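Take a look at the letters that make up each chain.
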Amino acid sequence: MSILVDKDTKLVISGLTGREGTFHGLNNLNYGTQVVAGVTPGKGGQKVESIPVFNTAHDAVAETGANTSMIFVPPRFAADAILEAADAGIALVICITEGIPAHDMMRVYVHLKRGDTRLVGPNCPGILSPGKANVGIIPAHFFSEGNVGLVSRSGTLTYQIGNEIAQQGFGNSTIVGIGGDPIVGSSFIDVISKFETDPETELIVMCGEIGGDEEERTADYIAERVTKPVIAYIAGFTAPPGKTMGHAGAIVSGTSGTAAAKAEALEAKGVKVGKTPTEVSDLAVKTLRG
Amino acid sequence: MSILVDKDTKLVISGLTGREGTFHGLNNLNYGTQVVAGVTPGKGGQKVESIPVFNTAHDAVAETGANTSMIFVPPRFAADAILEAADAGIALVICITEGIPAHDMMRVYVHLKRGDTRLVGPNCPGILSPGKANVGIIPAHFFSEGNVGLVSRSGTLTYQIGNEIAQQGFGNSTIVGIGGDPIVGSSFIDVISKFETDPETELIVMCGEIGGDEEERTADYIAERVTKPVIAYIAGFTAPPGKTMGHAGAIVSGTSGTAAAKAEALEAKGVKVGKTPTEVSDLAVKTLRG
Amino acid sequence: MDLLEYQGKQLFAKHGVPVPDGKPARTVEEAVAAGEEIGYPVVVKAQVLIGGRGKAGGIKLAKDRAEVEQHAEAILGMDIRGFTVFELWIEQASDIAEEYYAAILLDRSAKLPMAMLSRMGGMDVEAIAEKDPNAIVRVHIDPLIGFQDFHGRRLAFEAGIAEDVIRPVGALLAKLYETWIAEDASLVEVNPLLITGSREVVALDAKVTIDGNALYRHPETAELRQPGGEDEQEQMAAERGLTYVKLDGNIGILGNGAGLVMSTLDVVAQAGGEPANFLDAGGGSKAEAIVDAVEVILSNPKVTAVLFNIFGGITRCDEVANGLVTAFGQIDVKVPFVVRLDGTNDEQGRTILAEAALDGVHVEKTMLGAAAKVVELAG
Amino acid sequence: MDLLEYQGKQLFAKHGVPVPDGKPARTVEEAVAAGEEIGYPVVVKAQVLIGGRGKAGGIKLAKDRAEVEQHAEAILGMDIRGFTVFELWIEQASDIAEEYYAAILLDRSAKLPMAMLSRMGGMDVEAIAEKDPNAIVRVHIDPLIGFQDFHGRRLAFEAGIAEDVIRPVGALLAKLYETWIAEDASLVEVNPLLITGSREVVALDAKVTIDGNALYRHPETAELRQPGGEDEQEQMAAERGLTYVKLDGNIGILGNGAGLVMSTLDVVAQAGGEPANFLDAGGGSKAEAIVDAVEVILSNPKVTAVLFNIFGGITRCDEVANGLVTAFGQIDVKVPFVVRLDGTNDEQGRTILAEAALDGVHVEKTMLGAAAKVVELAG
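Protein chains in written order, with the working numbering: chain A, 1 to 290; chain B, 1 to 290; chain C, 1 to 379; chain D, 1 to 379.
Chain A extracted, bound-state conformation:
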């Protein structure tokens, strides 16, 4: 088992014919993911290696039975591509695109919440279920199958921590990058609730960062609903208050939302918090070895 993506994933990629889309799409295909289609308006009928390209997501779904969509188009076209995938009946949309206007995502989020399509991202590295499917830009060769579920707001930090755990000989059920934007389709809680019911996952690692109150609310959720051990990492202890650190996800506002406040909230609910990626990896390994 694993969550969200696996051997049954049939992937359609919006923006497959672009440079990055082709590079990562073929990477995903070569990993073993069923990449069944691409969508690029006006390029219907073409192919990217073995992958057929369609003019619309609706055509792609009708012809290939795609059930998962990856969005790789530039920011100003991303909201439209997500809505198109949802309208075409795709159950899971994973949006890699960075720099989408927050108001676009706000409308998309409220719209999707009322339907049957789950969104992961945007501004995320995607989802990897080692040995089963890789959808996105996570460098899969660092990771192997295993029982650690990993969920993170930061892409590169995900690789860093996942990789440290892997170097100690452990693998992952699924690695989910939820993205660091102010509005993302899936929250820590959404993903952790799936890990909780996934039989393969025995330990959950979450990587948060400053800004918002996601981590604080997740702490409450874990205390109430999660039976599996959770190890957390929070980035941004050194961030000065009031300064923007990269994406808008990292704005410290007032007293709440700091790394220290988040770490404290998690520890108060019994979640172990590592101070560096290495310490997180050590805590995880110690817990797994019992």
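Do not take every clue at face value.
Derived list of chain A stretches under chain C, where covered just means 3 residues or more per stretch with a C-beta under 8 Å from a C-beta of chain C [claimed, not checked]:
1) 36–46
2) 57–63
3) 83–92
Note that these hints are calculated values from the structure, not bench results.
Just so you know, these numbers come straight off a predicted model, no measurement behind them.
The beta carbon of each residue, even a glycine, is placed where N, CA and C say it ideally should be.
Given the coordinates of chain A, work out where chains B, C and D should sit on it, guided by the hints.
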């Protein structure tokens, strides 16, 4: 039993302090309906006879536990009043107002469909469950408790037919005016499905009219899902094609939507169709007497 | 409210839907002046609220001043399927490479806006549907999220239009939806949607219907009047806020509520009579409205008897009765009236009528009885 | 992107939010001319991207030309909590009957717009919250249905503002929401929202933040520059499209992805070092971006060592290595670099660095090792 409104209905009236709002609100109160509040911005703290008035629907719900709202405000304020009632957590909103722009109702309809609030109307006479509650402008003294469920797109036609049945000694479980506008919150199907599960209702009478394809779709629904006998009436046999007859609900477009086509569709599914209100009443009484 | 072609095109232009240059004209002189300003060739187009203008000779190409004059003279005053031509639209001529069909309307079944596109334009949508039902692509729009680029692409690709105009046709559909929303339209239709020889996309015709209930938000549109577009009685009724439709018979009908009035027409017809009109005095009909209604009904010279069929809910029968008494005081009524009052305050209403003892007013208890009586009195 | 008060007010005016008359001025002469044009009394207001202007002496009432001149001279060039005043806003003076607080912002928790209103304006929202948390009324707006009249009424009634201004304050909130939506704002704040002696409702201040990701839709806003609003390095980075925040230490930091960079800062701090900056080269960092980044980092004279911490996903380590080699070719680098490459194409990247054998570049395998090394080298 009965459907939609009954002894547990706690009614708040938007527009209670207006002339018509006061007249019909007090009529409803005098009938025995629990009219617990009115809403008129700026008149919070006043009373209409015994009924307290609040500035907002939220205040009214918080103070009185209102669960049903009747909208009696002018057309340009009606969409806002419906949305306010829904936002305040009201489960059933009955909109009497006539002449609301169709685009307003289109947005309201799509918004409410995704939430937990049921809308009946607009441009409808309301709902009467004889002996239990009267919400709206139906002249209740014509009707008594009984086992005929009545649902209609037309207000006055409802009274006409209900009255003819009453004169033959039969009463009604509930009388529901769904309204004749192009977009109404509840359809024939919505109401008939409730009559089907209401133990008090033994016979269902539906009054349709030209325009749209509601009656045709209802015929299919009745054939598939309704076990109780249904008698139908369709108004507009004499309407010339292409002419607007009153509200937009009565536009005949092309071959479909005519009274003849609707009557035919219903009869094809085994629904008895009366040619005049009197004939409908006679058919109903005959069926009831077995 | 239906708009004339050129009125619809002016709304299109306001929202960025491309339309050819043109000017309206009500006289031959104005038509010639418009032709001179626009430059030849131009098309002289009859402005009437009915289809089939081309076949009726209401659309003519003019390659010079003399031809504009000649066509304008011929078309102004022409009768097209019952509609007199009072206005022309003088339009720059377009060269035609392809003719598509596009429309946005409110789908009552889904309760959602629907966008339609077909590669087979230039004929009625019914004709397209008959020739090839698959040639009309339909897409619902969620009005809360609006028309997205993907809707336009989907319509354009699935309709199978020329590949080089997929993008501009999609963009035009988005603007058309914007027009539909911003103007509170129930229908906007473009037939044909033209692709010119130089591959420009242009709305060559415009059929626009605006929701009458929303006209308060569109005062400029509300002021557009179509001379000759309405019957005399219908115009009189519209000015008084009554819903009136003229029919061919001799029995004037007034009722409250569209459903009851329609049913009344049906019952009168079944009783062997011929209704002269549909008149819904509306919910909550006041005495003044009744006076207005009586005036409108009697202004039709064919009327030989009148039926009032009232079942009071929000309407109060006493107000109707008072209105009738007032009307009889103000108007010299020469035809018999049959009045049936039921519902809210019906007893008071009947008492008022009994006390007034109006000449030629018969009170009946039932709808069927009233219908039979009025048919008898109408002769 | 934060806007100055007067830039925000110009957006307000565009969307119908009432603001007092005013003119911007960059010199004393412009300030005097503005005062003459507007008519006295006027208020001379420092335009800086920081609160507390009033207390710092940056807002002064002037009742004639001489006072405008005097205040403009004093305020221009003034330092307000680290920000130099380069611009003034000369504004018609308003008389104050009540001061409220209003804001629209994106609530990250609910993922919805939130409207806020308080009857206690004129002080920081934090101060209001401390004094009386119930005095701030918050209402979420469904962005698909928009700000409805009832939202305005609810905020106004629940905030307990004066009864006679319930309606105009509700209307102002609706316009404020319209501004927020139309301008892709993440925040619009009005403090104080003024009720004048003649009971007019006016936005007396404006704090507006526009989503940088949406600036492509707002070219006029994108062109607004705040002289002195940004640090030299931060301005250089912004021009090159890099996310850079200057800090107080001496170790230059570059990473890819905000989370990893933040984590790098933390690890360097834990190792006893002091980061000189935050620099996220972004997803898919290309060679040119690396050259730009090195230039920006080294333009800070405090930097004594630089740490590159790259874990490649969409970023390819070979491109980063190539960028570093190019940068060393173009720039005279005088401080040591510690480079850690992991992830996509990391072996190629390390090979490129090994072959280039750049002076003072140390390659480390782990993040902790790299942090320890750079702290050691920074001295």
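*asked:* Output the indices of the hints that this structure fails to meet, ascending.
replied: none
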